[in-house]
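Assembling the complex is the task here: the two chains are given apart, and the hints tell you how they should meet.
Line by line, the protein sequences give chains A and H.
With my numbering, letter number 43 in the first sequence gets 43, and the count goes up by one each step, no holes.
With my numbering, letter number 266 in the second sequence gets 266, and the count goes up by one each step, no holes.
Note that these hints are calculated values from the structure, not bench results.
The beta-carbon is built from N, C-alpha and C at its ideal position, and this holds for glycine as well.
The reader is advised that the hints may include incorrect statements.
Incomplete in silico selection of chain H near chain A, CB under 7 angstroms [said to hold, decoys possible]: (1) Phe-32; (2) Ser-35; (3) Leu-55.
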Amino acid sequence: MSMSEPTFFVLTALVGEPRHGYGIVGEVDQLSGGRVRLKIGSLYGILDRLVSEGLVELDREEAYQGRLRRYYRITSAGLEAVRAEAARQAANARAATRRLRSINLQLGEAS
Amino acid sequence: MNTELERRYRRLLRLLPASYRQAWEEDMVSAFLHSVEGRRSDRLPLGERLSVVALAVRLRLAGQHASPRALVWHRTLDTFALLALLTWALHATAGVAMLIGKSLWATVVYPHVTIGLILAWGAIATSPLWVAAFVCLTLGRLIAARVLVLLVAGASLGLTVVRAVLSPDHAGALVAPTLANLTEWAWLTAPVLAVLLIPNQAPGREGESARRRRSVWLGAYALGAVTLAPAALVLAPAPALYGFWNPTTAMHVGLLVGMVLLLALVALRRPQPHWLLVAAAFGAADTVAHASAFVPAVMLTDGPLPARLWPWLHVALAALALACAVTGALALRRLPRSVPA
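Next comes chain H alone, as it looks inside the complex (with noise of 0.2 angstroms):
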């Protein structure tokens, strides 16, 4: 019997929760020891190495030998997947509204080609790749949503190559490492790599609590898009006043709303935790991209009022986003890192 190769496996088992070890163990080890009899070397094989890391991470991230605290940043990177895609189908809903809008007002007309009839047709062609990948999430198709940002990051980049090679104006976008540009950048890429991680196998996402949740946020979406895409189409032509009210706006105003009632539980004594830790990387994603126009806006004495008070609405974003995030890390540290064995 190779003893070596017995500790080395042991070893490798110590990645996995407790729990499961308890159950497993003895048994995986036996299989192990019964599928490597008559091997000489002392080493691992890679196969075998990989699939116990795999089982670790996906034990440790989801299921019945997830700790509360992993179940807590689990529920974080899903809630943070849905909630971005929600933004961006919302806010592709509404542009698809607002391109109708122009054309049938008839204030904005492409003679010829132009970058401008471009970069709609891309808004156009990618919008049903946002809602659809939402949908896909939302009804825990985590297959086809994966595909569907793959594809919508894709047609964003080359948008954004297209607009730069085009137009020597928007040449420097692709490359310039701005402040405004990383944002944006990390607005496309966050959710996307928020699919990608979230594990296969989840918990809420079967029986009453999957169509609980199918039920809440398709009824976002709904509710979203029935009060933007009329203000889109309808306040198009008149930039003025789409600027009250758009998928910018919306975000704002509901994210403000959402701190404000979390912080509110948590008063109660009833905090939740990957909610709170959410709201907080969304207020701290505001906070990079409006910091630098923070103190000149602030400082702005005269103007109309819209503008004298849109910088006080991300000074209060940046301050709940802070109270969010120390609130949400003290909730998750009260919970128990591993699942008692």
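In isolation and in its complexed conformation, chain A is listed as follows (with noise of 0.2 angstroms):
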């Protein structure tokens, strides 16, 4: 099945380097060229979501301006996950791309 598009970019800013609420919401936004700009609630519930699928597990938690930040790191499975999201879209994009060359080029022997 296939997996939301904030979902699927949390998954993404968790790649290659754990990071803490707020950095997801700032590395998701680069991500996706600032189409998607979560919602701390929003990633709360992905997060939530994530983390009892074992996709997302905790990291460490570190002091910042005397509180308790969360840092999340991707699992196995997660890693997975993205992998074969990331192949799901790359096919779609491929069949797309392939049906657009072929629209152009049936235009451009008409023309």
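Written as structure tokens, this is what we have:
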């Protein structure tokens, strides 16, 4: 089953480096070119689900301005989920590109 | 650090279930305060408020943080939507079979465009939508089911408008606030609203329980269609015979048997609160639809036996619906209102 765009970007934001909540929001904003701007409520709804599904886990807690800040990391199952979703999206993009290219060729021949 | 903003945000977070707050509140506050650093206003941004409200609704209706009572309400909504769409899908299937039957037996001929023909075409055009919406909901394709029920509701509304415009006899049907009209509209809008309100993430839509749910509901449709469609096809030209076995009769008999079984389970101390509430809702709708005919029909002492028995069936359904509502509410009250933190 395909995953939603915000979920995909949250998982992708954690690939390679653990991040805290607001760090994930910023990374998702960058990865999506500013299209996906997560609210805190939306982010923690996604994180709760990903943690319960075993795709994300707690990495560590650090003190920041007198508060404990949690860092999250992606699990191996999470990496596999990102890989599968990326492959699915890439296959979709290839199919669309092939179709567009054939239409362009037909239009070129017609003119 | 903006302590007023933090106080307001924590107050907003009280909308979330206690178990969820215990796991995530401190981290959410930390991330939120980080996101509003440098902000001078003490007002919570609207987007943040809406995201927490949406999260609270979703968590309370479905998922691991939903209370047992909330889960029963969710299952009630889900089962009501499935049962209502199953009823519509069987009505639609039998309706198409009846039209085919009438054409085959050539007892109804439409020599030119008539209101009857328009409605017949309309029934054929909308029938697959009811069946498709039911199948999509059974398979857990919620977005497709929502689109389809909206389409079919729009088509039904369109057909009613056409009927009112083309036939002065039916013009009042659109606006007259009669009990029959209101019940007809309630039968159409209730499943649509139920499908729109079902939460996207819900228990029982994955794994083995989803497979079991698919088989049971699709099996119920197949069984209903196999018993109702041939009857509609063969008996279509004989309304008196068709009156004995059609989707409406089947629904009433099914409801009666279902309610008796559910109350038997209550007696065996194994109540099914969501099924009891769904049965009560269906029984209440039937009671409202037939209440005005109760007294004169029950007083009927002559006429054919089925005509004399029919009103008593509705009286029995009303009594059983009341029993289901009371036992369902009592079973619900015994469940905890929230998940322990």
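Here is how each hint holds up against the structure:
no., hint, result
1, Phe-32, "holds (5 angstroms)"
2, Ser-35, "holds (5 angstroms)"
3, Leu-55, "holds (5 angstroms)"
Consistency note: the structure conflicts with none of the earlier hints.
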